[in-house]
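Trainee: Chains as they are written, first to last, in the working numbering: chain A, 1 to 366; chain B, 1001 to 1156.
Derived from the structure by calculation, the hints contain no laboratory data.
Heads up, some of the hints might be wrong.
Stated by the list, open to error - Output of the computed footprint for chain A on chain B, the stretches with three or more beta carbons under 8 Å from beta carbons of chain A:
#: 1; segment: 1017–1023
#: 2; segment: 1027–1034
#: 3; segment: 1050–1064
#: 4; segment: 1113–1126
#: 5; segment: 1130–1141
What the hints assert, rightly or not - Here are the simulated EDC-like cross-link-like pairs (lysine to aspartate or glutamate), alpha carbons at most 16 Å apart as the crow flies:
#: 6; chain 1: B; residue 1: K1144; chain 2: A; residue 2: E144
#: 7; chain 1: A; residue 1: K65; chain 2: A; residue 2: D26
#: 8; chain 1: B; residue 1: K1015; chain 2: A; residue 2: D250
#: 9; chain 1: A; residue 1: K269; chain 2: A; residue 2: E239
#: 10; chain 1: B; residue 1: K1015; chain 2: A; residue 2: E239
#: 11; chain 1: B; residue 1: K1128; chain 2: B; residue 2: E1049
#: 12; chain 1: A; residue 1: K269; chain 2: A; residue 2: E308
#: 13; chain 1: A; residue 1: K65; chain 2: A; residue 2: E39
#: 14; chain 1: B; residue 1: K1015; chain 2: A; residue 2: D253
#: 15; chain 1: A; residue 1: K110; chain 2: A; residue 2: E159
#: 16; chain 1: B; residue 1: K1015; chain 2: A; residue 2: E244
#: 17; chain 1: B; residue 1: K1144; chain 2: A; residue 2: D111
#: 18; chain 1: A; residue 1: K65; chain 2: A; residue 2: E35
#: 19; chain 1: A; residue 1: K65; chain 2: A; residue 2: E31
#: 20; chain 1: B; residue 1: K1128; chain 2: B; residue 2: E1031
#: 21; chain 1: B; residue 1: K1144; chain 2: A; residue 2: E308
#: 22; chain 1: B; residue 1: K1144; chain 2: A; residue 2: E159
#: 23; chain 1: B; residue 1: K1144; chain 2: A; residue 2: E21
#: 24; chain 1: B; residue 1: K1139; chain 2: A; residue 2: E149
#: 25; chain 1: B; residue 1: K1128; chain 2: B; residue 2: E1026
#: 26; chain 1: B; residue 1: K1015; chain 2: A; residue 2: E243
#: 27; chain 1: A; residue 1: K269; chain 2: A; residue 2: D315
#: 28; chain 1: B; residue 1: K1144; chain 2: A; residue 2: D147
#: 29; chain 1: B; residue 1: K1144; chain 2: A; residue 2: E149
#: 30; chain 1: B; residue 1: K1139; chain 2: A; residue 2: D111
#: 31; chain 1: B; residue 1: K1038; chain 2: B; residue 2: E1049
#: 32; chain 1: B; residue 1: K1139; chain 2: A; residue 2: E144
#: 33; chain 1: A; residue 1: K65; chain 2: A; residue 2: D95
#: 34; chain 1: B; residue 1: K1139; chain 2: A; residue 2: D147
#: 35; chain 1: B; residue 1: K1139; chain 2: A; residue 2: D235
#: 36; chain 1: A; residue 1: K110; chain 2: B; residue 2: D1146
#: 37; chain 1: A; residue 1: K65; chain 2: A; residue 2: E22
Said to hold, decoys possible - Reference excerpt, derived from the structure (chain A facing chain B, CB under 10 Å, subset only):
#: 38; residue: L150
#: 39; residue: D151
#: 40; residue: S194
A virtual CB, placed ideally from N, CA and C, is assigned to each residue, including glycine.
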Amino acid sequence: MYVAVKGGEKAIDNAHKYLAEERRGDTNVSELSLEQITEQLSHAVSRVMAEGSLYDPELAALAIKQARGDLIEAIFLIRAYRTTLPRFGYSNALDTADMTIDRRVSATFKDLPGGQILGPTFDYTHRLLDFALAAEGLEQPRAEMSDRELDPDMPRVLELLNNEGLIESASQGFFEDDAPVGDLTREPLEFPASRDLRLQNLARGDEGFILALGYSTQRGYARNHAFVGEVRLGDVTVEFTPEELGFAIDIGDITITECETVNQFQGSKTLPAQFTRGYGLAFGHCERKVISMALVDRALRCHELGEEQVAPVQDDEFVLSHSDNIQATGFVEHIKLPHYVDFQSELELVRRLRKQAQESIMQAAE
Amino acid sequence: MDTIPDPASGNSSRKNWMGTLARASETDLEEFWDLYGKATEYDFLRPPEFGLVMVQGRAGGNGQKFNLGEMSVTRCSVLLSDGTVGHAYIAGRKRRHAEIAAVFDALLQNQKRHDKLNEMVIAPLADKRARALSDRSRKAAATKVDFFTMVRGEDA
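Extracted from the complex, chain B is given alone in its bound form (with noise of 0.2 Å):
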């Protein structure tokens, strides 16, 4: 089995695939899954499963660690026919995002797969977030002010 070699780092990590499909939309995912999923066979591992993850702060932003709260999490596993593994966890209760987002890690990781699907499914959806971000960073931005400190008449 191919793999790509580097989990953690690169444009076209593991790391870096999971997280764009975490964050797509559900409609998105199964644009591209009707496209280039539906006709993977596959089984469960772990369906998907609601949960929680206790998110860490830190006071200051980069001080004492402390727990700020939970967040709902969708968990999902998937065992490919050729024995490859897929994961996916996804903020939020999502059965069908966790499902389709495990499937695609597991053909991600195909060498023979990998390129196409990167092209094809996670650059447009990293894309498509790019431009939201950008947009709301432009929107931000129109609200950047500048205050003026009046000098009062007795000081000047």
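Bound conformation, chain A alone (with noise of 0.2 Å):
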């Protein structure tokens, strides 16, 4: 139990202004800017807008800047920011099959339709740490142009399984399309939960947990060999309706990461043997995340594809309930706080116990 606590009232304030002092570091070191970390800490800001669950380059910027670095703190400034602002209401829903495309690879296809697109990726460089970037002034880079744009036709990687009948459909089957769609910003989450509300909840949840549990379908704990069928990175319009217009207009346009990964599936009773999905979507560059959530995503899945849950990670209320890492941090973090009465009272109750085990022994001795 916490119990509130009076006074402290300059020190917290010099405690604070002791961390804007250390916030800003050396004066000698010239003040970073907002667009410094836009546009040179692309993956934080991407970081913090997808478990932020808000897409604002700026503003997430500014939670970094605020917050040190400290991504998770940046995330929870975000959370309480966005309570301040009132809901225009729902885009419709993104058309990621006519988004424009900085990267898109397959795993499970080398030659599909439109090419296998590397894009600005880490993957294939040598992890050596490249110390001519600790110099100042260095050349600008540029990219390589092509003579030729991109084939416009990128169809999904696994339409093409689809096509063949090999894999379920993705726009059929567990779901209702004009079904109301659950919104865990509106509504507590309750068990067992829907698709939208677990895709929902892993979109915002935190990486580094996303990824333990995608690890541990890996490792064996649920038994789904996946592949990654496609990862996809570019910008997407998005759309919403205004009440006024009665028509949909483009409002923007965001960056986001795709993956869907294919798992094998032995088929069931009513199923025939086929290949099953698993989906993630997250806000900017985040493909680490997108895989992650798309391997927790078809494990959560189990129920309706008429699998024995036997691991954490199909355990829709272990995984939703403990994901987002503002609650987690909150509950973890909180008992750092002045205990004081709470503890007082243990430490009587253990007192009090001694002190009557000590005396039975003395009884007993007698």
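Could you fit the two chains together into a complex? Lean on the hints.
Mentor: Printed below as a string of structure tokens:
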């Protein structure tokens, strides 16, 4: 139990002034601008947008600066800010088949329409520290440009399997298209959770937690051997239908990363043996997150696919209740705040028990 | 009042110009504002206001809908002295951008002004975006790769 404490205002004020000075650091070093953060720390910005569940690179950069690079603290600031704004409504569902492509790779098909596009990737780098980056005034790096644009036709890779009927259809089965979409920012999560709520939870869930759970599926905790059918990175149009207009307009483009996994499925009483899908989608450039998300999404589908639940990653209550790093850090970190009254009663209990035990030993000895 | 009949189709449609205005940079908009917008008399029906739109995705790209997360949006509505109403919904927190876009939306609905504004404002903005998209596409295309599957000795 946490009992409110009074006092300490002066110390708290001074602690915050000290924090501000530490945040700024050595004033001989130039101050970080928000533009520098959005332009040069874009993966940090992506993570704060995805897990803060608010797409706004400038706000994410501000939060990162204010939090001194503590991304969970930055996500906390973003979550708090979003509660101050009214919601105008819901967008039309994103059409990711129509997104611009910065990167698109498949681990399952070598030759696919539109091709494998590596884009700006860490893959195939040697992971050796580049000491040249420590120097200032470097020559401006320039990307090569092809004479030709990408093939405009970039079909979903898994549709190739769908054409053969070897994979479950994503567009039908297990759901009603006109069913209301669950929103865990409006209603508390209940179990068992439907896939819409699971995906919303995972999309804003902690990258490290989702990564670890995804990894557990690969190590055998839920028998789902997964391939990455496709990873895409690029910009997608957001369409919104304002009430006063009555038709959909484009309000802008957002950067997203998408992953679809292909998983083995032995078949069940009602379903033939076929491949099944896991899905990951998040704001910004965050491949690790969406691949992990797709693994966990697939594992959580065990009940609808008639699979036995044998691993933590298949337990929606366990996964979804612990994925939110703001809830988690709030509860974990609050135990450092004053619990004096609480602890005092524990202390008295232990003293009393020890005293009783000692008395009974003395009595036995007499 | 002469208005463009079909708001949702065609290249010069209202949907199209609103999308182009939404994606423009604020610097470009200010430039066009000085040339074609600032003499306009208008009142705010709704001054620029920040809010959120919940972005929805679909499982598998075309399956069950779900709420992905919110994005910040600025909206603004203006009333011209001739009674035309202009609206803007713009990604991000951009008061000035939303105001200029709402006024241009109103101006573009007038048939007499439409063609000139479409030619002088919307077309150049759309061209600029098309060039940026093309550059980006050509950068990605330079990273297109062909993987070879090596035949191993024992299988040869």
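Trainee: Confirm or reject each hint.
Mentor: Status of the hints after comparison with the structure:
1. 1017–1023: holds (count 4)
2. 1027–1034: With 0 residues closer than 8 Å to chain A, the segment 1027–1034 of chain B misses the three-residue bar; violated.
3. 1050–1064: holds (count 15)
4. 1113–1126: violated (count 0)
5. 1130–1141: holds (count 9)
6. K1144/B x E144/A: holds, 11 Å
7. K65/A x D26/A: Satisfied, since the Cα-Cα distance of roughly 15 Å is no more than 16 Å.
8. K1015/B x D250/A: holds, 7 Å
9. K269/A x E239/A: Measuring from Cα to Cα gives roughly 41 Å; hence the hint is violated.
10. K1015/B x E239/A: Given pair K1015/B, E239/A holds - Cα atoms ~10 Å apart, limit 16 Å.
11. K1128/B x E1049/B: The hint is violated at about 27 Å.
12. K269/A x E308/A: holds, 13 Å
13. K65/A x E39/A: Roughly 13 Å separates the two Cα atoms, so the pair holds.
14. K1015/B x D253/A: holds, 15 Å
15. K110/A x E159/A: Measuring from Cα to Cα gives roughly 15 Å; hence the hint holds.
16. K1015/B x E244/A: Roughly 13 Å between the alpha carbons, so the hint for K1015/B and E244/A holds.
17. K1144/B x D111/A: Holds, at about 11 Å.
18. K65/A x E35/A: holds, 11 Å
19. K65/A x E31/A: holds, 10 Å
20. K1128/B x E1031/B: holds, 14 Å
21. K1144/B x E308/A: violated, 41 Å
22. K1144/B x E159/A: violated, 21 Å
23. K1144/B x E21/A: violated, 48 Å
24. K1139/B x E149/A: Holds. K1139/B to E149/A sits at ~8 Å (cutoff 16 Å).
25. K1128/B x E1026/B: Holds - the C-alpha atoms of E1026/B and K1128/B are around 13 Å apart, at most 16 Å.
26. K1015/B x E243/A: With Cα atoms ~14 Å apart, K1015/B and E243/A stay inside 16 Å; holds.
27. K269/A x D315/A: Roughly 22 Å separates the two Cα atoms, so the pair is violated.
28. K1144/B x D147/A: The given pair, whose Cα atoms are some 12 Å apart, holds under the 16 Å limit.
29. K1144/B x E149/A: Satisfied, since the Cα-Cα distance of roughly 11 Å is no more than 16 Å.
30. K1139/B x D111/A: Roughly 20 Å between the alpha carbons, so the hint for K1139/B and D111/A is violated.
31. K1038/B x E1049/B: violated, 21 Å
32. K1139/B x E144/A: Roughly 6 Å between the alpha carbons, so the hint for K1139/B and E144/A holds.
33. K65/A x D95/A: Measuring from Cα to Cα gives roughly 33 Å; hence the hint is violated.
34. K1139/B x D147/A: holds, 9 Å
35. K1139/B x D235/A: Holds: K1139/B and D235/A sit about 15 Å apart, inside 16 Å.
36. K110/A x D1146/B: Within the cut-off at roughly 8 Å; holds.
37. K65/A x E22/A: Answer holds: K65/A to E22/A is near 12 Å, not above 16 Å.
38. L150: holds, 5 Å
39. D151: Nearest chain B Cβ about 8 Å off; hint holds.
40. S194: holds, 8 Å
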